[in-house]
Amino acid sequence: MSATLSASSDVSFAPLIERKFPDGSVHLERRPASDVPTVVSTPAASVEAARFLRDDPAAAYDLLLDLVAVDRLKLDGPPSFRGDERFQLNALLYSTKRNEHLRLRVALPASDPRLPSLIEIWPAADWFEREAWDLMGIRFDGHPNLARLLTHNGFVGHALRKDYEAGQRWLCTDEDVLQTKLAARSDLPEDVFETMTLNFGPSHPSTHGTLRIVLRVDGERIVAAESECGYLHRCFEKMSETHTYTQVIPYTDRLNYCSPMINGNGYARAVEQMLGIEIPARAKAVRVVLSEFSRIMDHMVCIGANLVDLGGLTTFWYSYQAREEIYSLLEACCGARLTSSYARIGGLSMDVPDNFVEWCRKLVKSVTTHIQEVDTLLTKNRIVQKRMSGTGVVTKEQAIAWGFTGPCLRASGVGYDVRKDKPYDGYDEVDFDVPVTTAGDNYSRYLVRMEEMRQSLRIIEQVIARLPGGPVVSDDYRVVLPPKEMVYNEMEGLIFHFKNVFEGIQVPAGEIYSYTEGANGELGYSIVSDGSGRPYRVKVRPPCFPLFAAFEKIIIGGMVSDAVATLGTLNIIAGELDR
Amino acid sequence: MNDKNVPLPVARIAPPIAPGVPSTAGADFLTTQLDALVQWAQKNSLWPMPFGTACCAIEFMSSVSSHYDLARFGAEVVRFSPRQADLMIIAGTITDKQAPILRKIYDQMPEPKWVISMGVCACTGGFYRAYHVVQGVDEIVPVDVYVAGCPPTPENLIHGLIELQKRIQSGELARHREAKTYVPIRVGTDPQVESIPAWSKSVMAPGRAHGHEFPEMADTAEAEAAEATKDAVGGKA
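Just so you know, the sequences run in chain order A and B.
In terms of the numbering used here, the first sequence is numbered consecutively and its last residue is 1190.
In terms of the numbering used here, the second sequence is numbered consecutively and its last residue is 258.
It should be emphasised that the hints constitute simulated quantities derived from the structure, not laboratory data.
Treat the hints with caution; some may be incorrect.
[Said to hold, decoys possible] Capping the alpha-carbon separation at 25 Å, the derived lysine to any residue pairs in SDA-like fashion look like this:
#1 B/K134 <-> A/T784
#2 A/K973 <-> A/D920
#3 A/K976 <-> B/H88
#4 B/K125 <-> A/D1042
#5 B/K187 <-> B/F148
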């Protein structure tokens, strides 16, 4: 289970770093080959290091994926770790030009952890820094609005610190929740007749109950906007720390609840990579098939709900019919319609039904029909085109700067898809295309999703045509529960079962960033293990988070009704956004 | 419609016919029949306001979609405006940040109104025993029906709706409103749901005594509740 440390020379620009930072303030860290390469910087040199990593053509890390703050209070550090460096801030980066991931790590002291804001280098850092301040209490000098993001204003303390009690609640009052920066601003006398403040959400049908946008409108035109999230912050990351690795799987289902299978698979894959175990071919194939069906479900909800928001209810009934049919398959596989909890670390919880392949074939046919129906209703519909073409435009540069991934990035002209660019679970063995458009407006995002559904069907057809036999779960009983006959009849089986259930899977101490293609973009899991049965820290890279962070910038200058269309095509899923 | 078996409301604690219209039940035969008629009408014309926040909202969408079609059970018109709705379906986790909004929306709904708490997160906080999650929406609003499941299947939600309709028809809920007693019903088999008290106090953080105002029914004396139940049983006999 031990992974070998890769030489730091794996990173092509290693000599450049040594030349640029001869004092060693920025240097490479040795990481296992399964993890992403890591550059360590001192807090003072972090901005310079970040600028180097973004601008140097040998590095060119132009897309900030995530900021992961770790409280190392209860973690025994590696030899390089000094006791006074309690916090770590990891910026996860991606280069769209070189197709490489990188982690930029900064260690911070226990008292008053602060570092310069990275917002100048990567605008996407805005909300990620607010989140790190809110939950971990790390200050960012130079951040324009370092306010709480996920928890409410009446909250005291920083919830993800290790000395914060998981169940400690702080009640929220009206004043706490309603005061955002824009809403709190008093009307200037000269303003009053020109613009007005409009509160939009969170209880509004097109904000799906959990998103809030405060708008300053001049007639119908938006002149300023501020979006707010956290209305569904249900503490996924804190809950993960109090459960065993296996018990976290049901929580992952409830992140992006439109496509739960993908989340569970991504999480299981991350832990499997930490353990260094390989899952059986059949498990991989079934994961791919059900992930792709989930992607179709997600896109169907996105398009259906978007059209409901735009005033066309009919599409919703068609798109939901496809979902119901896919639900039936999921229910036959794992017993649950929505929150499947089907993935297990090491494979799947149980085998698929005997008629799985025929069922999938039938489903591919009927879903193709449903996609065609939606296509007939919408694609050449004049109203749809008028509402969606040219609204909510995101240029390629903006999409990269704001940290977009997934369909929204591909609609803006960057063809990054984890399934294609960093294939996993056998995606490299199937033939499929990654649809890319360049307009970056709502209509292109719609078109990308439509085509992705067809490509998903293509993938499914190819995988079920040669679905491997054999077990669906690994036979490594340190990780997987042994079969019942073994538990009842053999001493070892009983011991393995007991230890797996009571102590949890023992994941070796270490850290990983593992990523898969979620329905909305790159779904990443940063997991830190202290060698016990429970994760020390789990951080999800939610694809929605940068999308919604950028929303307030996209809608400026547009109409209020266009903002509704844009919110729909960005496909913000609150469970994943707020975690 | 088999309305003959439904006991008529007891005159002494009959509900008001409509807000502001005092009940004349007990004065003569005709008006008690009118109450039953009003209740029958209310039962079959529920207008749900989905307070959907999370995964349960997706299953709620399934429930109203073509396959399950909640409309068949007399809850046709889904309204996102609380002013036009009389049934609030709380579908999804309610966080502390969301709580004041939930209460505000509830207050905006006109009487008579009912609440279905859909899913274990809304019922008890579910498996989110955490720093930002309300441990059951009955901290904030009175709940008439708890539907278990994570998320509940559409069948389970429909079952909950039918249970609610039964109680609207029988006048039981209205009587409890009048007497300020409150006995919610639970649908589903989740043992966790069985064990919740009707009015669980939230875990208040020390030093933060101010919080939500509990709904009026929270301070009901137990004796009063027992008496009302006794009366209702006696009335039937």
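These are the hints, each one checked on the structure:
{"no.": "1", "hint": "B/K134 <-> A/T784", "in the structure": "24 Å, holds"}
{"no.": "2", "hint": "A/K973 <-> A/D920", "in the structure": "31 Å, violated"}
{"no.": "3", "hint": "A/K976 <-> B/H88", "in the structure": "19 Å, holds"}
{"no.": "4", "hint": "B/K125 <-> A/D1042", "in the structure": "52 Å, violated"}
{"no.": "5", "hint": "B/K187 <-> B/F148", "in the structure": "30 Å, violated"}
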